[in-house]
Amino acid sequence: MNETGFLEFLTSIPPAFVYIFGASLLPLFRGRARKAYLVAIGVLGLALAFTLKPQTSWMLPILPEIKLTLLHADALSLIMGYIFTLIGFFAIIYSLDAVRETGHHICALLYIGSSLGAVFAGDLITLYIFWEIMAVSSLGLIWYEGSKRARDAGFRYIIFHLFGGCALLAGIIIHFLTTGSLTVGPVDELGIAYFLILLGIGVNTAFIPLHTWLPDSYPKATIAGSVFLSVYTTKTGVYALARTFPAAEAGGAVAYMGAVMAIYGVAFALLQNDVRKLLSYHIVSQVGYMVAGVGIGTMIGINGGIAHVFNHILYKALLFMCMGAVIYETGRMNLTELGGLARKMPVTALTCIVAAFSISGVIGFNGYVSKGMIIHAAEESHLHLIALALMLASVGTFLSFLKLTYFTFFSAAREEIQAKEAPITMLIPMVATAALCVAIGVYPQMLYRILPFPEEAFHYDAYSAGHTLGTAELLLMTAFMFFAFGFFKPHERITYDIDLIYRRAGNAFIHFCEGPLMSFARATESMMMKIADAFASFLQNSSAAAGMLAYIMIVLLRQSEHFKKYEDNLNRLRENGSMKIAIGTGVLITLLLIFFYLAIFMYA
Amino acid sequence: MLNGVRKFVIFSSIGGICVALALSLIISRHEEPFLGFHAIIGAVGVLFFAFAMRILSLAQREGRQDE
Numbered sequence: 001m002n003e004t005g006f007l008e009f010l011t012s013i014p015p016a017f018v019y020i021f022g023a024s025l026l027p028l029f030r031g032r033a034r035k036a037y038l039v040a041i042g043v044l045g046l047a048l049a050f051t052l053k054p055q056t057s058w059m060l061p062i063l064p065e066i067k068l069t070l071l072h073a074d075a076l077s078l079i080m081g082y083i084f085t086l087i088g089f090f091a092i093i094y095s096l097d098a099v100r101e102t103g104h105h106i107c108a109l110l111y112i113g114s115s116l117g118a119v120f121a122g123d124l125i126t127l128y129i130f131w132e133i134m135a136v137s138s139l140g141l142i143w144y145e146g147s148k149r150a151r152d153a154g155f156r157y158i159i160f161h162l163f164g165g166c167a168l169l170a171g172i173i174i175h176f177l178t179t180g181s182l183t184v185g186p187v188d189e190l191g192i193a194y195f196l197i198l199l200g201i202g203v204n205t206a207f208i209p210l211h212t213w214l215p216d217s218y219p220k221a222t223i224a225g226s227v228f229l230s231v232y233t234t235k236t237g238v239y240a241l242a243r244t245f246p247a248a249e250a251g252g253a254v255a256y257m258g259a260v261m262a263i264y265g266v267a268f269a270l271l272q273n274d275v276r277k278l279l280s281y282h283i284v285s286q287v288g289y290m291v292a293g294v295g296i297g298t299m300i301g302i303n304g305g306i307a308h309v310f311n312h313i314l315y316k317a318l319l320f321m322c323m324g325a326v327i328y329e330t331g332r333m334n335l336t337e338l339g340g341l342a343r344k345m346p347v348t349a350l351t352c353i354v355a356a357f358s359i360s361g362v363i364g365f366n367g368y369v370s371k372g373m374i375i376h377a378a379e380e381s382h383l384h385l386i387a388l389a390l391m392l393a394s395v396g397t398f399l400s401f402l403k404l405t406y407f408t409f410f411s412a413a414r415e416e417i418q419a420k421e422a423p424i425t426m427l428i429p430m431v432a433t434a435a436l437c438v439a440i441g442v443y444p445q446m447l448y449r450i451l452p453f454p455e456e457a458f459h460y461d462a463y464s465a466g467h468t469l470g471t472a473e474l475l476l477m478t479a480f481m482f483f484a485f486g487f488f489k490p491h492e493r494i495t496y497d498i499d500l501i502y503r504r505a506g507n508a509f510i511h512f513c514e515g516p517l518m519s520f521a522r523a524t525e526s527m528m529m530k531i532a533d534a535f536a537s538f539l540q541n542s543s544a545a546a547g548m549l550a551y552i553m554i555v556l557l558r559q560s561e562h563f564k565k566y567e568d569n570l571n572r573l574r575e576n577g578s579m580k581i582a583i584g585t586g587v588l589i590t591l592l593l594i595f596f597y598l599a600i601f602m603y604a
Numbered sequence: 001m002l003n004g005v006r007k008f009v010i011f012s013s014i015g016g017i018c019v020a021l022a023l024s025l026i027i028s029r030h031e032e033p034f035l036g037f038h039a040i041i042g043a044v045g046v047l048f049f050a051f052a053m054r055i056l057s058l059a060q061r062e063g064r065q066d067e
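For the protein sequence lines, the chains are X and D, in the order given. Residue 1 is where the first sequence starts when you use our numbering, and the numbers rise one by one after that. Residue 1 is where the second sequence starts when you use our numbering, and the numbers rise one by one after that.
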């Protein structure tokens, strides 16, 4: 292999391999060497993703004539690869000091690797395999928190994901049997496969009402774990949705589902006191924007959805990093227990404001560009109700983040909080991510260039006078009303979502299993034991068994017409006083009885 | 008592809304259904979420969220 060939080979290695093989070698390193090794994996993954060329593929033959396509690079998978490896690199740096357990780092690397494997998968089987590795490896990020609440939430998380995985696998199998295709592409034919695949993807994408695992588990993960979790699972779901259901028959329904998610997530986020739970509900809401964009299905809609994936990963990871830094330094996670941290943690406060402005779509930040693109796509497609819902969700988002930043950093300072600025390994990725949020907001063309339909993206003017002034009016009015009326003060409340129904239904099911079902099982078992005992005692008592058999035979024989004639003759003979049976007939009858008895005895 | 940040945001947002409405009137009126459409959406949105919170509060109870 010459030098060019070797370089080509290097640049066609699936980036997922770096993380997965990297994870397997991690236990060999300790201390600073481990930190250096983790950073090296992040850099290598980043380099491989950014040097991948479109239409590169990597096949793995597993059986004769069956190959798994482990790498299929095109515009859509490449943009996902860029952002996954970029934020993976930042999250790895963030976790260097925040995480001590080797197992946690291994789970994080496997999670990044499997997510990359899923987005670069060229066939549905490969997608499914990485999909499941992703679910299991992310579970570790929740369980490493170590508390009972994290363990319980982890179980609920994995139950949801295994259910989604089963639905996806069943859908893939039926799809293959019907169409003969395993390509990761549009599922056009309405049928059971269509709905099973949509259901499987819907679990990861946190469709309402399949979303409850998200706000339940993400706030209970480790500090660094929730940064990783906020990036990969739901975005891989959106990617799979963009691949399989862009403007399909149910396209309208998918877009409306997005609008419902956007409003629903915000409404629940506003109720939250736990900072990471608030952020988790905002994932549901922001993923709603992406789902709406993909569901609208036009080029600008898909561009908007994918641009929002890219931007959302940046600012949401940044928000989790900031809140993680606050929890790391203060040990507090509720808004009612925080306040006045801006002076103690100025860099964290500043980066958090950048992230809050980005997610709220404030002019000049990255969220402004992609949100505008999706709302523009909805209006262009005459889906005015969706456009209105997304604008309302923008209001709710800004309210939530005014609440989060104000009550964490600017409300009355609490003297008892002894906090200082977060460690430098946490601050570096926070500042770098914040810089990217601003850079894309100010110069969105750098994002347009890598979108699935770049030409269409360049036709969209994010800074048109109407859009800019409209956004300014919307957000300024929201800020004014938030501070003037004070409707949204944090409270110590336990909030219930649809999971209340799941929990009640679950409890009712357990009660049913423990009560009526167990009683029925015990009654059935007792009856079967009695039958078995009777049968056993019957077989053990040979004389009783022979008598019973003879009796049964006689009863059966007496019912037959032939025997009735024979019996009549016998009766006549008995009446005449001359009943005689030949000795041979008597021996034959005895032998027959013994034969039947032995046969039954041997068989039993 | 309003603290400094709240005062600043309240007054600057009132000023900002006035400026945005004035600019909309001059340059981009044709891009909105009517003047101040987005400002009204903002106000309606805040009231909508305040109302939604009240409704959703019916399915809550007092206590620490991490319990």
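These are calculated hints, taken from the structure and not from any lab test. Keep in mind the model is a prediction, meaning the values are calculated, not measured. Don't take each hint at face value.
Simulated crosslink set (DMTMM-like; lysine to aspartate or glutamate; CA at most 25 Å straight-line) [claimed, not checked]:
no.	chain 1	residue 1	chain 2	residue 2
1	X	Lys489	X	Glu379
2	X	Lys420	X	Glu329
3	X	Lys53	X	Glu337
4	D	Lys7	X	Glu456
5	D	Lys7	X	Glu337
6	X	Lys344	X	Glu416
Just so you have them, the derived chain D footprint on chain X, three or more residues with Cβ under 8 Å [what the hints assert, rightly or not]:
no.	segment
7	180-194
8	391-398
9	402-412
10	461-470
11	473-483
In this text, a Cβ means the ideal position worked out from N, Cα and C, and glycines have one as well.
Starting from the hint list further up, note which numbers the structure goes against and sort them upward. 1, 3, 4 and 7
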